[in-house]
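Same order as they appear, the protein sequences are chains A and B. Here the first sequence is numbered in the numbering used here, starting from 1 and rising by one per residue. Here the second sequence is numbered in the numbering used here, starting from 1 and rising by one per residue.
These are computed hints drawn from the structure, not numbers from a lab. Mixed in with the good hints, there may be bad ones.
Unchecked claim - Derived pair list, reagent style EDC-like, types lysine to aspartate or glutamate, alpha-carbon separation capped at 20 Å:
#	chain 1	residue 1	chain 2	residue 2
1	B	Lys96	B	Asp180
2	B	Lys153	A	Asp191
3	A	Lys126	B	Asp134
4	A	Lys126	B	Asp250
Remember, it's a predicted structure, so these values are computed and weren't measured experimentally.
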Amino acid sequence: MAETYRQLREYNYGFNILLVLHVLIIAIGLGAAFYMEHNGHVVTGMNNQIVWGLPHVFAVFLIVSASGALNLASASSVFSKLAYKRFARLSAILAIALLIGGLVVLLLDLGRPDRLIVAMTHYNFKSIFAWNIILYTGFITIVGIYLWTMMDKTVTRFNKAAGWGAFIWRIILTTGTGSIFGFLVAREAYDAAIMAPLFISSSFVYGMAFTVWVLITMCQATGHRLLTQGVSEKLRELFIIFIAAMLYFTLVHHLTNLYAAEHIGVERYILWSGSVFTWLFWGGHVFLGTVLPLLILMKSDFGSSRAGLTFSSILMLLGGMAHTYVIIIGGQSYPLSLFPGMGVTSTFQDGVYANYMPTMPELLLGLAGVSMAMFIVGFALKILPFLPAPVTENQ
Amino acid sequence: MISLKQGQIEAGEHKTAPVDEAGRRKFLKGSAAALALAPGMTLFAYGEAITKPAEQAVTTKSRWGLLIDAAKFSDEDVDACVKACQDENGWRDTGKPMTDAQWIRRVNLKNKKTDEQFSLPMMCQHCAEAPCVDVCPTGASFKRKDGIVLVDKHICIGCRYCMMACPYKARSFVHEHIEDQKEHAPRGIGTVESCTMCVHLVDEGKEPACVKAAPEGAMVFGDLNDKTSKLAQLIKSVATQQVRADLNLDPGVRYRNI
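Let the hints inform the model, and build the full structure from the sequences given.
Structure representation (structure tokens):
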């Protein structure tokens, strides 16, 4: 019987260079975090109006993607789609890696990252944020167990149960992440239960885009063919369904807001004020992140080709970053409505759209999170058989 | 039992209200007791003295609150309250308006329909159902039993989720190192802070600094739970407003004439 998985044992110059590059980016990102920690957040673009900046955009994007990266593993274990079984290990380790990458950024952007032990020992169980800390650590543990059941023949019989556990946990996790925003009753851009399904549908898109991106990078790095035409075709179809679902929830979110007079202001600001968020929403999220990939993927020949899948995955990731940026920064930029019907001004930027310009340390910290995730995956591929074995032309 | 009819007491005007005989006796007794004390000590309470010994734990017996009458404030009056808070608690304008802390601020309002303009002080509203307390992952944001919402600087990790959750934009993040702190109002880089209702003064039976600096009757401090307190009587007798009342947070700070 041919091997299903393999470990990257052989020396691979291009792959090693990639790993070194990621280590460098991580080191620079850690330096940036130290600089922010040493001087305070005054050296960032964040302020008392935009309290969550670019690092949060990266962190939330990575955490949402982590849940979606588990798609192929879930499809194999939970929905018995055996065609994806070869990718289950990679899918699971990528999910863990993306989550760790996101958490590192989140942690290093805290005002007091040195108080990690406080965050781990003091829980306010009414806080969805505290619940998320439990959900994140639980996710890493459960997916870790799931991986174990995939890789150790003595515990294979628990694979289905672990797969179900991980699947349910990931849905709860992304519900929790979406609810961080959904529970913010005071802010007009959030305060909506639909944030949770919107985040879940987005996670399917971004997570799978990351998976395909890693797979295709590994095809390039190893010179092997890892995807059969049949699987490529299935991935193309899945992408179309997931993008359509994300577009649907985005549409419902904005349409329901437009119906309520109290939310029209924020919708106008995001959708057609001409602000940076308008451009990022329509140009980034809608056009680059959904319409263009859909057009590529709908064309079946090109859509399922390596180039088509690569290009559409990159577009989905860029669109995803734009979408997350609009949600997090755009939502804060719109002023709080304390006195409806009144014109409001103050020395604390009441009644005005808050400005935010990310600084280099924030960008470097965010990129370090992505590199952290990619390095973990790359390193894992070198030490254990996570990678699917190459396929031949007739498979 | 003191009964008041709507509109019979105006904030700060110290009018005597029609009361029943038993209530009148209690009212006069309480007033006399309050007047006999040193200035600044429990002047805001008509009933029994509210000063508690330092070693005694805070209880739910009292719920501290404020009534702010926007009609009695000029811009300069609000600025005087802001200055008093700065002097008392040690935060200041360092010329960085985007990142400087502001525990209390002047909000200028203009009625879009009538063009009427006025200003009022805005700070932490010390909500009974405080969203900042709900969302804080470590419990650093907490509400004392007497309703004062505070931040425990020792366990605040600086996640800023409370700032996202506060409907009043009442919280500030300390963006850089701080020097010359007040002993009674410790502050720290990387943590979140807001109005403490001058808890150190309240615990000594005094009024918050902003109340002292405000024009006569423009800010009334007191115990919302004590039906005989001037604050409770005012809230019972005049039309007051809660900012973002739709959120049902039961703020301890109420306004009138907005």
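List of violated hint numbers, smallest to largest: The structure breaks only hint 2.
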